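> Residue strings, one per chain:
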Amino acid sequence: MRILSSLRAGTAALLLLLCAHPLHAAVNVVASTEDMAALTREVGGDRVKVDFIGRGYQDPHFVEAKPSFIRTLAKADLLVVVGRELEIGWLPPLILQSRNARIQQGADGYFDASLTAKILEIPTTQVTRAMGDVHPLGNPHYWLDPDNGRRIAEAIATKLAALSPPDAAYFRNRYADFDRRVAEAAKRWDAAMAPYRGLKVVTYHRSWPNFCDRFGLDVVGYVEPKPGIPPSPRHTLDLIREMKRLGVKILLVEPYFDVKTPQSIGRETGAKVLVMPPSVGGEKEITDYIGLFDYDINLLVSAIKEAGAR
Amino acid sequence: MDYETLRFLAAPFVASLILTGIHAYLGVHVVERGVIFVDLSLAQIAALGSTMAMLLPFTGQEAHGPWVYWTGLAFTFLGAVVFSTVRVRRARIPQEAIIGIAYAVASAATILAMSKATSESEHLKDMLVGNILAVSWGEVGNTAALYASIGAFHYVFRRQFLAISLDHEKAEASGMSVRFWDFLFYASFGFVVTSSVLIAGVLLVFCYLIVPSVAAMLFADRIGPRLAIGWTMGTVVSALGIYLSVMLDLPTGATMVCTFGLVLILMAIARTLFLRR
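Heads up: the protein sequence lines correspond to chains C and W, in order.
Counting from 1, position 38 in the first sequence corresponds to residue 38 in the numbering used here; the numbering is continuous, with no gaps.
Counting from 1, position 62 in the second sequence corresponds to residue 62 in the numbering used here; the numbering is continuous, with no gaps.
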């Protein structure tokens, strides 16, 4: 009888252990872009398993659907999106098709990383299609300010803690460590960019307002006549004239746009065309969030020196 | 238009004249042979080759590197081999069907290869789009030299090429090696089209090839006058298209394509009004 009851207790304990194990298993996170995946990895450590959909070298406005995305989304506990309608063209159908109730918009596992970030260019008037592909909720390229990176990471840590309460302290510690490392690196980046405050630049798409705001660059024009609209001849000619007048020597292009028009503008104005990745994974050596700024600022500073812009 | 605008438009205009020169001539062959879509097909096969090259580890995945260019060209020649051998005597399968199939499969295979390639593959989407407004003087010079040598090659062997284009059966009956000359034709043609598409995009290159030649057929039968009409039309449309694009601020390639269509319609109306035959 004693043997039987202890056997029973042992089995119960074993069963409990087996059942308990999945509770402590890693949280399955899917991020819509590599940037959000990188930030989730920073705070999630080994207690999360992070997948992502859009790759850093792809245009995050257009990601072609693949069957594997739906499978990945189907088993996600948490979906981290950039939000501000950046992914509106491709992500909503994928979420629906995943038939995963946890990550549907509005559910607990749907997390919009932009909610706590500092958002620029929020339109004050009615947005119409005539304005081009303007995001009515503000510019969605907000992760390009390290302060926003810290805010996003903090929000993700809070979210992960809510999903997996036993690991709350772990996530909090990892966030504190990341926050400290970014603050330290930001001193380095600010120092590198300090001599070029007020430098006038032109960018292809409106991808860089947060970056330029943070590091004191003055964006005086865009290669696109309107967001998402390819360059037209009149706008290109006007831009060339304006760039000559203002002496703009740096033209930033995201890696997923055609460089032909920027190069012809560069030939006319003597500006340096700089292909600068706006995302983690935009180049092979950019594997994390801090690395993204290290890479971009290094690239930018050497281009400015080379162009003799200052 | 002020001086600065004209200076900016000079390179695209000269490029469009070069395109007119070679394509209006090749268009006569293409229309006579009835292989209207062969240029789209060859351009797409070249794009497939370039994309595949980027998948190979030793090419460095550099979208504008030499490996990408030469692999694209090698694929074009492969396409030329296919198109010159499939023409079997009294074949029940029309050659246009083969060309269409090659186009569809090459397009789909490019998409597949692109989905496997990393980083710079995004640029390949632009390969078939082209942007004649952004052409540089360096490109204009290289293209001019290349097309001049291919033009000279075609001039030297004009008898053979024309004989096959105008009457395939007769050429074959006369004991010519039709397949060999066909291969040379498609290979040189593919060479030209692949380079042109990089500058002007598929749609515009198609227009330069087909429209002047068709417009000329409205007014003339002999090759000489047809070439003269085709070249004149191509030049006029190029200038008009670029002018309209700048004045109305419209995308240049698409404006030129529509100008081609409009001028062709006007020429057809003129023919029915003044040239009743």
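Worth flagging that the hints you see were computed from the coordinates, not collected in a lab.
All of these numbers come straight from a predicted model, not from anything done at the bench.
A portion of the hints provided could be inaccurate.
Straight-line alpha carbon distances no greater than 30 Å define the calculated BS3-like cross-link-like pairs of lysine-lysine that follow [unchecked claim]:
id : chain 1 : residue 1 : chain 2 : residue 2
1  : C       : LYS187    : C       : LYS284
2  : C       : LYS305    : C       : LYS200
3  : W       : LYS170    : C       : LYS284
4  : C       : LYS284    : C       : LYS244
5  : W       : LYS116    : C       : LYS49
6  : C       : LYS284    : C       : LYS66
7  : C       : LYS187    : C       : LYS244
8  : C       : LYS49     : C       : LYS284
9  : C       : LYS187    : C       : LYS200
10 : C       : LYS75     : W       : LYS116
11 : C       : LYS187    : C       : LYS305
12 : C       : LYS66     : W       : LYS116
Listed next, with one range per pair, are the computed distances between beta-carbon atoms [unchecked claim]:
id : chain 1 : residue 1 : chain 2 : residue 2 : range
13 : W       : ASN142    : C       : GLN105    : 48 to 56 Å
14 : W       : ALA109    : C       : PRO230    : 21 to 29 Å
15 : C       : GLN104    : W       : ALA144    : 54 to 62 Å
16 : W       : LEU240    : C       : ASP112    : 30 to 38 Å
17 : C       : GLU306    : W       : GLN95     : 51 to 59 Å
18 : C       : GLN126    : W       : THR232    : 47 to 55 Å
19 : W       : ALA144    : C       : GLN105    : 51 to 59 Å
20 : C       : THR125    : W       : PHE219    : 50 to 58 Å
21 : C       : GLN97     : W       : ALA270    : 36 to 44 Å
22 : W       : LEU55     : C       : GLN126    : 55 to 63 Å
23 : W       : ALA239    : C       : GLU306    : 46 to 54 Å
24 : W       : ALA104    : C       : LEU120    : 40 to 48 Å
25 : C       : LYS284    : W       : PHE180    : 31 to 39 Å
Calculated Cβ distances over 10 Å to all of chain W for the following chain C residues [as the list claims (entries may be wrong)]:
id : residue
26 : THR158
27 : PRO230
28 : LYS260
Ideal placement from N, C-alpha and C gives every residue a C-beta, glycine not left out.
> The structure should be examined with respect to each hint, and the outcome stated for every one.
Hints versus structure:
1. Between LYS187 of chain C and LYS284 of chain C the alpha-carbon distance is near 25 Å, which keeps this suggested pair within the 30 Å criterion.
2. A hinted pair counts as satisfied when its Cα atoms are at most 30 Å apart, and LYS305 of chain C with LYS200 of chain C qualifies at roughly 14 Å.
3. Our distance criterion of 30 Å between C-alpha atoms is broken by LYS170 of chain W and LYS284 of chain C, whose separation comes to about 59 Å.
4. For the hint pairing LYS284 of chain C with LYS244 of chain C, the CA-to-CA distance comes to about 35 Å; that exceeds 30 Å, so the pair is violated.
5. A C-alpha spacing of about 23 Å is found between LYS116 of chain W and LYS49 of chain C, which places the hinted pair at or below 30 Å, so the restraint holds.
6. The straight-line distance between the Cα atoms of LYS284 of chain C and LYS66 of chain C is roughly 22 Å, inside the 30 Å bound, and the hint therefore holds.
7. With a C-alpha separation of about 33 Å, the suggested pairing of LYS187 of chain C with LYS244 of chain C is violated against the 30 Å cut-off.
8. The suggested pairing of LYS49 of chain C with LYS284 of chain C holds, with an alpha-carbon distance near 21 Å, which does not exceed 30 Å.
9. As the CA atoms of LYS187 of chain C and LYS200 of chain C are separated by approximately 22 Å, the hinted pair is consistent with the 30 Å bound.
10. A distance of roughly 24 Å separates the Cα atoms of LYS75 of chain C and LYS116 of chain W; the hinted pair therefore holds under the 30 Å criterion.
11. The hinted pair formed by LYS187 of chain C and LYS305 of chain C meets the criterion: a straight-line CA distance of about 20 Å does not exceed 30 Å.
12. A threshold of 30 Å between alpha carbons decides the hint, and for LYS66 of chain C with LYS116 of chain W the separation of about 12 Å falls inside it, so the pair holds.
13. For the pair ASN142 of chain W and GLN105 of chain C, the beta carbons lie near 52 Å from each other, so the given range of 48 to 56 Å is met.
14. Checked against the hint of 21 to 29 Å, the C-beta distance between ALA109 of chain W and PRO230 of chain C comes to roughly 26 Å, which is consistent with it.
15. For the hinted restraint 54 to 62 Å between GLN104 of chain C and ALA144 of chain W, the CB-CB distance of approximately 59 Å keeps it satisfied.
16. Restraint check, LEU240 of chain W to ASP112 of chain C: a C-beta distance of roughly 50 Å breaks the suggested window 30 to 38 Å.
17. Take GLU306 of chain C and GLN95 of chain W: their Cβ atoms lie about 53 Å apart, and the range 51 to 59 Å holds.
18. For GLN126 of chain C paired with THR232 of chain W, a C-beta distance near 50 Å keeps the hint of 47 to 55 Å intact.
19. In this structure the supplied range 51 to 59 Å holds for ALA144 of chain W paired with GLN105 of chain C, their Cβ-Cβ distance being about 56 Å.
20. Hint check: THR125 of chain C to PHE219 of chain W, Cβ distance near 55 Å, so the stated range 50 to 58 Å holds.
21. Checked against the given bound of 36 to 44 Å, the beta carbons of GLN97 of chain C and ALA270 of chain W, roughly 55 Å apart, lie outside it.
22. Judged by the Cβ atoms, the range 55 to 63 Å given for LEU55 of chain W and GLN126 of chain C is violated: they are separated by roughly 47 Å.
23. Between ALA239 of chain W and GLU306 of chain C, the C-beta spacing of about 39 Å breaks the proposed range 46 to 54 Å.
24. About 45 Å separates the C-beta atoms of ALA104 of chain W and LEU120 of chain C, a value consistent with the hinted range of 40 to 48 Å.
25. One distance hint, 31 to 39 Å for the beta-carbon pair LYS284 of chain C and PHE180 of chain W, is violated here, with the actual separation near 46 Å.
26. THR158 of chain C, annotated as away from the interface, keeps every beta carbon of chain W farther than 10 Å; the closest lies near 34 Å.
27. Interface exclusion of PRO230 of chain C from chain W breaks down, the closest Cβ pair being 7 Å apart, not more than 10 Å.
28. With a closest Cβ-Cβ approach of about 4 Å to chain W, LYS260 of chain C is found to fall inside the 10 Å limit, against its non-interface label.
In this structure, the hints that do not hold are numbers 3, 4, 7, 16, 21, 22, 23, 25, 27, 28, in rising order.
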